[in-house]
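One line per chain: the protein sequences are A and B, in this order. 114 is the number that the working numbering gives to position 114 of the first sequence; each next residue is one higher, with no gaps. 18 is the number that the working numbering gives to position 18 of the second sequence; each next residue is one higher, with no gaps.
Take these hints with a grain of salt, some might be off.
Stated by the list, open to error - Each computed DSBU-like pair below joins lysine-lysine, with the alpha-carbon atoms no more than 30 Å apart:
1) A/K147 / B/K274
2) B/K203 / A/K111
3) A/K37 / B/K164
4) B/K5 / B/K203
5) A/K111 / B/K410
6) A/K47 / B/K248
7) A/K120 / B/K164
8) B/K262 / A/K155
9) A/K99 / B/K248
10) B/K339 / A/K72
11) A/K147 / B/K262
12) B/K339 / A/K27
13) B/K164 / A/K27
14) B/K262 / B/K302
15) B/K33 / B/K5
16) A/K52 / B/K97
17) B/K276 / B/K378
18) B/K302 / A/K72
19) A/K40 / B/K136
20) A/K99 / B/K136
21) A/K81 / A/K155
22) B/K276 / B/K248
23) A/K111 / A/K147
24) A/K72 / B/K70
25) B/K136 / A/K72
26) A/K52 / B/K339
27) A/K111 / A/K27
28) B/K5 / A/K147
29) B/K164 / A/K79
30) B/K97 / B/K72
31) B/K339 / A/K111
32) B/K401 / A/K37
In case anyone wonders, no lab produced these hints; they're calculated from the structure.
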Amino acid sequence: MCNCETKAPEVIDLSKLDNILDGYRDKADMLIQVLLKIQKEYNWLPKEALYKVSQALNVPVNRVYHVATFYKLFSVIPKGKHNVSVCVGTACHVFGAPKILDRLEKSLGIKAGETTPDLKFSLETVNCLGCCALGPVVVVDGHYHGKLPTADAEKILADYD
Amino acid sequence: MQDIKIITRHLNTASSADIDVYMADGGYQALKKALSMTPDEVIAEVKRSKLVGRGGAAFPTGLKWELTRKEKANPKYIVCNASEGEPGTFKDRLILKNDPHMVLEGFIIAAYAVGTSQGFIHAREVYTEEIELFQKAIDQATERGFLGQNIMGSNFSLDIQFYKSAGAYICGEETALFESLEGHRGIPAARPPYPVQVGLMDKPTTVNNVETLCNVPAIINNGADWFAAIGHPDYPGTKLFCLSGNVKEPGVFEMPLGTNLKDLLEAGGGVDGKFKAVLPGGISSSLLTEMDVNLDFKTLAKAGTMLGSGAVIVINSDTSMVNVASNVAHFFDEEGCGKCSICREGTRRAAEILSRFSRGQGNRNELEWLLELHEVMKDTASCGLGQVALNVAASAIRNFKGEFLAQVRKEEGVWLR
Ligand SMILES: NC(=O)C1=CN([C@@H]2O[C@H](COP(=O)(O)OP(=O)(O)OC[C@H]3O[C@@H](n4cnc5c(N)ncnc54)[C@H](O)[C@@H]3O)[C@@H](O)[C@H]2O)C=CC1
Ligand SMILES: Cc1cc2nc3c(=O)[nH]c(=O)nc-3n(C[C@H](O)[C@H](O)[C@H](O)COP(=O)(O)O)c2cc1C
Ligand code: SF4
Ligand code: FES
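Work out the full structure: start from the sequences and follow the hints.
Right under this line is the structure:
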């Protein structure tokens with residue numbers, strides 16, 4: 001499925017935004033730090049939020065979008081409730097990461113970079129998470145699954161609903 | 001072989017993430033000693049120790065501080081580079097987690113030497129736990145008067161701010177890192193001028209890797225002569241080697257710089273399977289097919305590769321070199337910033353060509369073409385990323401040509417000219 005069809009939730013609760021933005025009024029150099037907080041809160045960067053950031057930090061909207069689309073941790077489209085990241089860095093590659101990715105893609109029925117239609121899982125590949133001795137590594141919602149046997153790849157998903 | 005631990009000496013004891021544990025082992029004594037010296041004396045000591053940068057490029061640390069200090073412009077800045085993104089590198093994370101105060105003490109001494117009262121640390125957002133521990137260490141050090149105003153009663157003051165990187169390998173490159181700190185996209189700037197003259201917010205700036213800074217307290221405590229006597233005569237001290245790939249017990253090993261690869265492999269329990277090749281400096285380096293080689297900057301440069309940040313990735317005979325080359329090419333295609341056309345287009349075409357080889361659909365003529373592209377990128381790409389992006393591909397083609405030829409498209413004979 002193509003991501004542009006992933007539906008944004010009808011109503012986005014922007015009330016939490018003011019708390020985040022309060023400490024950063026007119027602090028343009030804090031743009032990335034602010035976006036990180038918003039990404040953490042909403043799991044993506046809704047358009048409305050980006051416009052509010054632009055106003056609060058006094059940064060042109062186009063620059064907000066430049067940054068929001070440059071960095072890997074940001075997403076300007078909604079992501080699933082659970083984020084599954086498969087490390088495909090070279091150390092993990094040597095340990096068999098491609099097979100793990102293959103199995104997860106089949107089991108979720110989506111390709112890396114996509115979100116399941118029920119918005120439950122997003123699957124992505126990442127380049128080295130800095131724990132290569134544990135390879136191959138899959139991270140689900142910040143929880144590390146290291147030295148993962150290929151056969152167990154989809155089992156780790158069972159813990160998340 | 002000398003068995004000396006500088007940076008990992010607390011690894012198996014109580015975590016010195018707690019300032020009391022760190023101080024019980026002589027922590028912050030080096031800072032006290034440094035503050036009793038003039039900044040120029042501190043710089044002279046570090047220069048005499050011959051410490052070079054551990055971020056990968058081995059630039060003399062004392063000289064970098066001196067060049068920054070000599071600049072007239074003010075304020076000056078210092079940045080600790082904890083962006084660690086090279087696949088196969090996981091040493092800075094280990095230090096940040098186990099010994100944040102060691103990094104901090106080195107950082108404060110460096111700031112004193114350079115002559116700045118504002119420091120920044122730039123770390124990957126995914127290092128969540130490490131960031132928390134480091135922030136706690138900053139708070140503890142501030143409470144004890146090792147940070148903040150008039151440190152330990154001197155007239156030296158320092159404030160350190162923590163910035164998280166939003167996930168871009170290129171932001172480890174120092175000039176792209178400045179862009180990230182300023183809240184922009186991470187696009188590297190042309191150098192020279194080097195950051196020592198024009199750095200963060202266009203002011204003179206020293207950038208140091210986490211591991212580099214960790215050596216500083218030990219040098220101040222034990223003296224430059226002690227440090228200079230460890231390991232390699234030209235590049236003394238130890239190195240954290242990150243051993244990964246097809247080895248039995250991957251991990252971080254602290255050994256003298258210049259340690260033989262065989263000894264490192266032995267420390268890691270030996271090769272898992274039959275040794276085929278090794279990337280001694282992560283995926284920015286070229287493949288090496290021998291095992292009997294000393295891991296220092298000079299020897300590896302002579303062998304046509306580099307030590308870089310010490311990411312030693314071992315590859316066994318079951319692993320396809322074509323797939324490794326393709327994996328690396330995709331990495332650089334994704335991580336390049338897109339500023340220069342040679343890197344943007346070059347990494348994209350290389351990734352496409354190598355993907356085709358992976359699928360058994362290769363065109364043999366394109367192998368020569370990749371080697372040529374490698375030369376052009378080495379000479380013309382603007383930053384270190386583009387210059388090294390095809391090192392793995394080119395060295396794989398040179399050393400394992402048979403594997404590539406076996407993946408040439410067979411049906412119809414279209415590519416088989
Ligand atoms: N630790 C990691 O995760 C990674 C490390 N690297 C390493 O980074 C290295 C490349 O880094 P670069 O910064 O491009 O290397 P470089 O050799 O251009 O510079 C190294 C350091 O010395 C300084 N410097 C160099 N020449 C100078 C001069 N004439 N005057 C004043 N200062 C000078 C630079 O400002 C920089 O701080 C590679 O060797 C690679 O191994 C690459 C990717 C990731
Ligand atoms: C693409 C690229 C990525 C880099 N990533 C890092 C990094 O993650 N950490 C680091 O310390 N240096 C990295 N460097 C090297 C820095 O530019 C710089 O040389 C280093 O931080 C200087 O510190 P040192 O002298 O203490 O080694 C990178 C260089 C390039 C070209
Ligand atoms: S070489 Fe590549 S990563 Fe470096 S500045 Fe050019 S496009 Fe960006
Ligand atoms: S390559 Fe996967 S964690 Fe480093």
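Quick rundown of the hints versus the structure:
Between A/K147 and B/K274 the CA atoms are separated by roughly 20 Å; this keeps the pair inside 30 Å, and the hint holds. For the proposed pair B/K203 and A/K111, the alpha carbon gap of about 45 Å is over 30 Å, so the pair is violated. Under the criterion of a C-alpha separation no larger than 30 Å, the hint pairing A/K37 with B/K164 is consistent with the structure, at around 11 Å. A distance of roughly 36 Å separates the Cα atoms of B/K5 and B/K203; the hinted pair therefore is violated under the 30 Å criterion.
Only pairs whose Cα atoms come within 30 Å are accepted, and A/K111 paired with B/K410 is accepted, the gap being roughly 29 Å. In summary, the hint linking A/K47 to B/K248 is not supported, as the alpha carbons are separated by about 48 Å, beyond the 30 Å threshold. Taken as a hint, the A/K120 and B/K164 pair is honoured in the structure, with Cα atoms around 27 Å apart against an allowance of 30 Å. Only pairs whose Cα atoms come within 30 Å are accepted, and B/K262 paired with A/K155 is rejected, the gap being roughly 38 Å.
Taken as a hint, the A/K99 and B/K248 pair is honoured in the structure, with Cα atoms around 20 Å apart against an allowance of 30 Å. Between B/K339 and A/K72, the direct Cα distance comes to roughly 17 Å. Compliance with the 30 Å bound is thereby established for this hinted pair. For the given pair, A/K147 sits about 25 Å from B/K262 by alpha-carbon distance, which is consistent with the 30 Å threshold. Restraint check for B/K339 and A/K27: the C-alpha separation of about 26 Å stays at or below 30 Å, so the hint holds.
For the hint pairing B/K164 with A/K27, the CA-to-CA distance comes to about 16 Å; that is within 30 Å, so the pair holds. This hinted pair checks out: B/K262 and B/K302 have alpha carbons roughly 18 Å apart, not beyond 30 Å. Between the alpha carbons of B/K33 and B/K5 the distance comes to roughly 22 Å, so the proposed pair stays at or under 30 Å and holds. Simply put, A/K52 and B/K97 have alpha-carbon atoms about 36 Å apart, too far for the 30 Å limit, and the pair is violated.
Proximity of B/K276 to B/K378 is assessed by CA-CA distance (about 26 Å); at most 30 Å being required, the pair is judged to hold. With a C-alpha separation of about 36 Å, the suggested pair B/K302 and A/K72 falls outside the 30 Å cut-off, and the hint is violated. For the hint pairing A/K40 with B/K136, the CA-to-CA distance comes to about 21 Å; that is within 30 Å, so the pair holds. Pair hint A/K99 plus B/K136 does not hold up; C-alpha atoms about 39 Å apart against a cutoff of 30 Å.
With a C-alpha separation of about 18 Å, the suggested pair A/K81 and A/K155 falls inside the 30 Å cut-off, and the hint holds. For the hint pairing B/K276 with B/K248, the CA-to-CA distance comes to about 15 Å; that is within 30 Å, so the pair holds. A C-alpha spacing of about 22 Å is found between A/K111 and A/K147, which places the hinted pair at or below 30 Å, so the restraint holds. The straight-line distance between the Cα atoms of A/K72 and B/K70 is roughly 38 Å, outside the 30 Å bound, and the hint therefore fails.
With a C-alpha separation of about 27 Å, the suggested pair B/K136 and A/K72 falls inside the 30 Å cut-off, and the hint holds. Taking the CA atoms of A/K52 and B/K339, the gap is about 29 Å. The hint holds against a cut of 30 Å. For the proposed pair A/K111 and A/K27, the alpha carbon gap of about 38 Å is over 30 Å, so the pair is violated. A C-alpha spacing of about 28 Å is found between B/K5 and A/K147, which places the hinted pair at or below 30 Å, so the restraint holds.
Only pairs whose Cα atoms come within 30 Å are accepted, and B/K164 paired with A/K79 is accepted, the gap being roughly 21 Å. Distance check on the hinted pair: B/K97 and B/K72 sit about 37 Å apart at the alpha-carbon level, beyond 30 Å; violated. With a CA separation close to 28 Å, the supplied pair B/K339 and A/K111 stays within the 30 Å bound. Under the criterion of a C-alpha separation no larger than 30 Å, the hint pairing B/K401 with A/K37 is inconsistent with the structure, at around 48 Å.
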